[in-house]
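Number of protein chains: 2
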Amino acid sequence: MKKFVNRIDDAAAEGLAGFAAAYPDHVVLGENARFVRRRHTVPGKVALISGGGSGHEPLHAGFVGTGMLDAACPGHIFTSPTPGQVEAAMGAVEVGAGCLLIVKNYAGDRLNFAMAAEAADRAVQTVVVGDEVLVGSSADGERRGLAGTLVVEKILGASAERGLDLKMLRELGERVVERTRTIGVTLSSCSPHFVRGPTVELGPEEIEFGVGIHGELGRRRASLRPARALVDDMVAAIIADTGSLAGEEILLFVNGLGATPLMELHLMFGLAEEALSAAGARIVRRLVGTYVTSLDTAGCSLTVTRLDAEMTAAWDEPVDTPALRWGC
Amino acid sequence: MKKFVNRIDDAAAEGLAGFAAAYPDHVVLGENARFVRRRHTVPGKVALISGGGSGHEPLHAGFVGTGMLDAACPGHIFTSPTPGQVEAAMGAVEVGAGCLLIVKNYAGDRLNFAMAAEAADRAVQTVVVGDEVLVGSSADGERRGLAGTLVVEKILGASAERGLDLKMLRELGERVVERTRTIGVTLSSCSPHFVRGPTVELGPEEIEFGVGIHGELGRRRASLRPARALVDDMVAAIIADTGSLAGEEILLFVNGLGATPLMELHLMFGLAEEALSAAGARIVRRLVGTYVTSLDTAGCSLTVTRLDAEMTAAWDEPVDTPALRWGC
Numbered sequence: 001m002k003k004f005v006n007r008i009d010d011a012a013a014e015g016l017a018g019f020a021a022a023y024p025d026h027v028v029l030g031e032n033a034r035f036v037r038r039r040h041t042v043p044g045k046v047a048l049i050s051g052g053g054s055g056h057e058p059l060h061a062g063f064v065g066t067g068m069l070d071a072a073c074p075g076h077i078f079t080s081p082t083p084g085q086v087e088a089a090m091g092a093v094e095v096g097a098g099c100l101l102i103v104k105n106y107a108g109d110r111l112n113f114a115m116a117a118e119a120a121d122r123a124v125q126t127v128v129v130g131d132e133v134l135v136g137s138s139a140d141g142e143r144r145g146l147a148g149t150l151v152v153e154k155i156l157g158a159s160a161e162r163g164l165d166l167k168m169l170r171e172l173g174e175r176v177v178e179r180t181r182t183i184g185v186t187l188s189s190c191s192p193h194f195v196r197g198p199t200v201e202l203g204p205e206e207i208e209f210g211v212g213i214h215g216e217l218g219r220r221r222a223s224l225r226p227a228r229a230l231v232d233d234m235v236a237a238i239i240a241d242t243g244s245l246a247g248e249e250i251l252l253f254v255n256g257l258g259a260t261p262l263m264e265l266h267l268m269f270g271l272a273e274e275a276l277s278a279a280g281a282r283i284v285r286r287l288v289g290t291y292v293t294s295l296d297t298a299g300c301s302l303t304v305t306r307l308d309a310e311m312t313a314a315w316d317e318p319v320d321t322p323a324l325r326w327g328c
Numbered sequence: 001m002k003k004f005v006n007r008i009d010d011a012a013a014e015g016l017a018g019f020a021a022a023y024p025d026h027v028v029l030g031e032n033a034r035f036v037r038r039r040h041t042v043p044g045k046v047a048l049i050s051g052g053g054s055g056h057e058p059l060h061a062g063f064v065g066t067g068m069l070d071a072a073c074p075g076h077i078f079t080s081p082t083p084g085q086v087e088a089a090m091g092a093v094e095v096g097a098g099c100l101l102i103v104k105n106y107a108g109d110r111l112n113f114a115m116a117a118e119a120a121d122r123a124v125q126t127v128v129v130g131d132e133v134l135v136g137s138s139a140d141g142e143r144r145g146l147a148g149t150l151v152v153e154k155i156l157g158a159s160a161e162r163g164l165d166l167k168m169l170r171e172l173g174e175r176v177v178e179r180t181r182t183i184g185v186t187l188s189s190c191s192p193h194f195v196r197g198p199t200v201e202l203g204p205e206e207i208e209f210g211v212g213i214h215g216e217l218g219r220r221r222a223s224l225r226p227a228r229a230l231v232d233d234m235v236a237a238i239i240a241d242t243g244s245l246a247g248e249e250i251l252l253f254v255n256g257l258g259a260t261p262l263m264e265l266h267l268m269f270g271l272a273e274e275a276l277s278a279a280g281a282r283i284v285r286r287l288v289g290t291y292v293t294s295l296d297t298a299g300c301s302l303t304v305t306r307l308d309a310e311m312t313a314a315w316d317e318p319v320d321t322p323a324l325r326w327g328c
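Listed in order, the protein sequences are those of chains P and A. Going by full-length UniProt numbering, the first sequence opens with residue 1, and the numbers climb by one from there. Going by full-length UniProt numbering, the second sequence opens with residue 1, and the numbers climb by one from there.
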């Protein structure tokens, strides 16, 4: 695969350096480029730290800034950051009110963030994000952390800014996770820099249904159908998981996995809004864009969050980060 | 090619409808879905209208809103809007101070916007955007409108909001075009919905240098090289066109053409900032992201705008559109 890189092994680090160069008002590259941190910390505020493998940009570094994260620790491509990276980030941004770690539900991430938390000489709590809708043969499996991670980071970021303490933030985070579900489909796999071709070969009429964000197989293979039928399947999978959405106020978030044009994401958004409205949901907040990616995967996911008043208010608070901005 | 669509022929229209559904606070879909307009017009302000073929999203519809465009007219994929679309948009958003049309330099767009202007019973002026760096065999050709169109729309949008009249806006627009240059490279062509495969076949080590935004051939074919060497070639092409940038205050804008991951765009940004600094330029404003696209093309462009005080101030003004936001 052709890529804009120098050496494959340096791509994640050079990408991070370029990111920091592009947003000098928002972020600072941490010591030895092991993390990026918010340029200005806020006295008395709980520090929010996330991270995970590179290749999901703008997640997480793009969400460092006012109203969202204090620091992000990117590992190599599709590889967890080390405990040392997380410890260094905590040391840089914790200001006495403790650290909340936001961790996507993958074994490597959970292990390394837990090791950092145990080694820390400060108050640390962790929210594990598992927002995946389970379908097909893996219906009894673990929920992975997908695009819903953005929703968790936005709502907790705003709430930390408003002064919630560590315990309240953890409880709110668990509630947001519980009320957030994501289902993804891919038309093509991605090509991680460390292999030469796609990780999964799909035929000209095949798609993967129920995908993660690492180019792996989905929960089942399916046939490509018109967008309206695909959206109906995705919405049905979400409702089979959450139960009826009739009367619920929801956030609808359509996320691109990397290589899908905005025209198609907008088209999917319009269809999803129709399908969810027909199911009785009230779409009161909306987001569409390429935010939680899997390198250059052609695909998209639908995320539904059942909002309550506290979550809606936190979603609406100003945010000023490289990748997500409003109200600032 | 697999796409998230219902019928190919409906993709642009359904994408536009989904876009309007996703941003109800910002935009309204015009009559018969022939344009999108800003939800709230501003009394006494010159109306800014742009448009062009679909397939370049978020350009132009994503830039409708406070501080940028009043309306955008999307044609079919890679096809100019009709004069009737532009006339309808003018009728919807012009409030007595006249209309400024911002048109990318393509024959079809120029012709159809000119026909709309001639038919209009109101004051209309036009800025034609041709920001392409000409290289290779076509050095005596016409400059096409590329990613620099965003810069023109941002600076004119802010200036219209501040009360500049029609003539001043046209003159400022011509100055911004004159001081803006873009060079693009692609690793793969795109696959327009109306054909089944890529429009140009590139070998595993080949790239196109000096590309437009329609999947066509570049000004020359070249070999894939490390990102640093590519950036050096791109910066050299810009400087060969503009003359020395030593001491100039510039905006550096790295734009993704659709399928290129942010990691690579950030990496290219960092290298471009280094190369331009080494050439003596002072990078005082920065933008990186996927803004002016060519469907699912893997590629990127560098845009350099030589700023003056008026342009810098206008760039910094608040903007609140679906795709570009700050200061609001």
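Do not rely on the hints blindly, as some may be mistaken.
[To be verified] Below, a list of computed lysine to aspartate or glutamate pairs in the DMTMM-like style, where the Cα atoms sit at most 20 angstroms apart: (1) A:K45 - A:D308; (2) A:K167 - A:E201; (3) A:K45 - A:E171; (4) P:K3 - A:E317; (5) A:K2 - P:D233; (6) A:K3 - P:E205; (7) P:K45 - P:E201; (8) P:K2 - A:E310; (9) A:K2 - P:E118; (10) P:K45 - P:E161; (11) A:K3 - P:D232; (12) P:K2 - P:E201; (13) P:K2 - A:E201; (14) A:K167 - A:E31; (15) A:K2 - P:E216; (16) A:K45 - A:D165; (17) A:K45 - A:E142; (18) P:K2 - A:E205; (19) P:K45 - P:E205; (20) A:K3 - P:E201; (21) P:K2 - A:D233; (22) A:K45 - A:E161; (23) P:K3 - A:E205; (24) P:K3 - A:E171; (25) A:K2 - P:D165; (26) A:K2 - P:E201; (27) P:K3 - A:E201; (28) P:K167 - P:E206; (29) A:K3 - P:D233; (30) P:K45 - P:E87; (31) A:K2 - P:E205; (32) P:K167 - P:D121; (33) P:K2 - A:D232; (34) A:K167 - A:D10; (35) A:K3 - P:D121; (36) A:K167 - A:D121; (37) P:K3 - A:E206; (38) P:K2 - A:E206; (39) P:K45 - P:D121.
Because the hints were derived from the structure by calculation, they are not lab data. As the structure is a prediction and not an experimental result, all values here were calculated from the model.
Now the hints, each set against the structure:
1. For a cut-off of 20 angstroms, the pair hint linking K45 of chain A to D308 of chain A is broken: about 23 angstroms separates their Cα positions.
2. For the given pair, K167 of chain A sits about 45 angstroms from E201 of chain A by alpha-carbon distance, which is inconsistent with the 20 angstroms threshold.
3. At roughly 16 angstroms between alpha-carbon atoms, K45 of chain A and E171 of chain A fall within 20 angstroms of each other, so this suggested pair holds.
4. Using a Cα cut-off of 20 angstroms, the hinted pair K3 of chain P and E317 of chain A is violated, with the two alpha carbons roughly 35 angstroms apart.
5. A threshold of 20 angstroms between alpha carbons decides the hint, and for K2 of chain A with D233 of chain P the separation of about 17 angstroms falls inside it, so the pair holds.
6. Distance restraint check for K3 of chain A and E205 of chain P: the Cα-Cα separation of roughly 10 angstroms lies within the 20 angstroms cut-off, and the hinted pair is therefore satisfied.
7. Taking the CA atoms of K45 of chain P and E201 of chain P, the gap is about 47 angstroms. The hint is violated against a cut of 20 angstroms.
8. Simply put, K2 of chain P and E310 of chain A have alpha-carbon atoms about 40 angstroms apart, too far for the 20 angstroms limit, and the pair is violated.
9. Using a Cα cut-off of 20 angstroms, the hinted pair K2 of chain A and E118 of chain P is violated, with the two alpha carbons roughly 47 angstroms apart.
10. At most 20 angstroms may separate the alpha-carbon atoms for a hinted pair to count; K45 of chain P and E161 of chain P meet this at roughly 6 angstroms.
11. A distance of roughly 16 angstroms separates the Cα atoms of K3 of chain A and D232 of chain P; the hinted pair therefore holds under the 20 angstroms criterion.
12. Taking the CA atoms of K2 of chain P and E201 of chain P, the gap is near 18 angstroms; set against the 20 angstroms cutoff, the hint holds.
13. Proposed proximity of K2 of chain P and E201 of chain A is supported: the alpha carbons are some 13 angstroms apart, at most 20 angstroms.
14. The hinted pair formed by K167 of chain A and E31 of chain A fails the criterion: a straight-line CA distance of about 29 angstroms is larger than 20 angstroms.
15. In summary, the hint linking K2 of chain A to E216 of chain P is supported, as the alpha carbons are separated by about 18 angstroms, within the 20 angstroms threshold.
16. For the proposed pair K45 of chain A and D165 of chain A, the alpha carbon gap of about 8 angstroms is at most 20 angstroms, so the pair holds.
17. A hinted pair counts as satisfied when its Cα atoms are at most 20 angstroms apart, and K45 of chain A with E142 of chain A does not qualify at roughly 32 angstroms.
18. Of the pairs offered as hints, the one joining K2 of chain P and E205 of chain A holds, with about 7 angstroms between alpha carbons and a cut-off of 20 angstroms not exceeded.
19. Distance hint between K45 of chain P and E205 of chain P is unfulfilled; the C-alpha atoms sit about 51 angstroms from each other, more than 20 angstroms.
20. Between the alpha carbons of K3 of chain A and E201 of chain P the distance comes to roughly 16 angstroms, so the proposed pair stays at or under 20 angstroms and holds.
21. For the given pair, K2 of chain P sits about 17 angstroms from D233 of chain A by alpha-carbon distance, which is consistent with the 20 angstroms threshold.
22. Between K45 of chain A and E161 of chain A the CA atoms are separated by roughly 6 angstroms; this keeps the pair inside 20 angstroms, and the hint holds.
23. The suggested pairing of K3 of chain P with E205 of chain A holds, with an alpha-carbon distance near 10 angstroms, which does not exceed 20 angstroms.
24. At most 20 angstroms may separate the alpha-carbon atoms for a hinted pair to count; K3 of chain P and E171 of chain A exceed this at roughly 40 angstroms.
25. In summary, the hint linking K2 of chain A to D165 of chain P is not supported, as the alpha carbons are separated by about 47 angstroms, beyond the 20 angstroms threshold.
26. About 13 angstroms separates the Cα atoms of K2 of chain A and E201 of chain P, which keeps this hinted pair within 20 angstroms; it holds.
27. Restraint check: the Cα-Cα separation between K3 of chain P and E201 of chain A comes to about 16 angstroms, which is no more than 20 angstroms; the hinted pair holds.
28. Under the criterion of a C-alpha separation no larger than 20 angstroms, the hint pairing K167 of chain P with E206 of chain P is inconsistent with the structure, at around 45 angstroms.
29. Of the supplied pair hints, the one linking K3 of chain A and D233 of chain P holds, its CA atoms being roughly 16 angstroms apart against a limit of 20 angstroms.
30. Of the pairs offered as hints, the one joining K45 of chain P and E87 of chain P holds, with about 18 angstroms between alpha carbons and a cut-off of 20 angstroms not exceeded.
31. Note on K2 of chain A and E205 of chain P: the hinted pairing holds, with a Cα-Cα distance of about 7 angstroms set against a maximum of 20 angstroms.
32. The straight-line distance between the Cα atoms of K167 of chain P and D121 of chain P is roughly 17 angstroms, inside the 20 angstroms bound, and the hint therefore holds.
33. Of the supplied pair hints, the one linking K2 of chain P and D232 of chain A holds, its CA atoms being roughly 18 angstroms apart against a limit of 20 angstroms.
34. Restraint check for K167 of chain A and D10 of chain A: not satisfied, since their Cα atoms lie roughly 38 angstroms apart, outside the 20 angstroms limit.
35. Of the pairs offered as hints, the one joining K3 of chain A and D121 of chain P is violated, with about 51 angstroms between alpha carbons and a cut-off of 20 angstroms exceeded.
36. Under the criterion of a C-alpha separation no larger than 20 angstroms, the hint pairing K167 of chain A with D121 of chain A is consistent with the structure, at around 17 angstroms.
37. Our distance criterion of 20 angstroms between C-alpha atoms is met by K3 of chain P and E206 of chain A, whose separation comes to about 11 angstroms.
38. Between K2 of chain P and E206 of chain A, the direct Cα distance comes to roughly 9 angstroms. Compliance with the 20 angstroms bound is thereby established for this hinted pair.
39. At most 20 angstroms may separate the alpha-carbon atoms for a hinted pair to count; K45 of chain P and D121 of chain P meet this at roughly 17 angstroms.
Checked against the numbered hints above, the structure violates hints 1, 2, 4, 7, 8, 9, 14, 17, 19, 24, 25, 28, 34 and 35; every other hint is satisfied.
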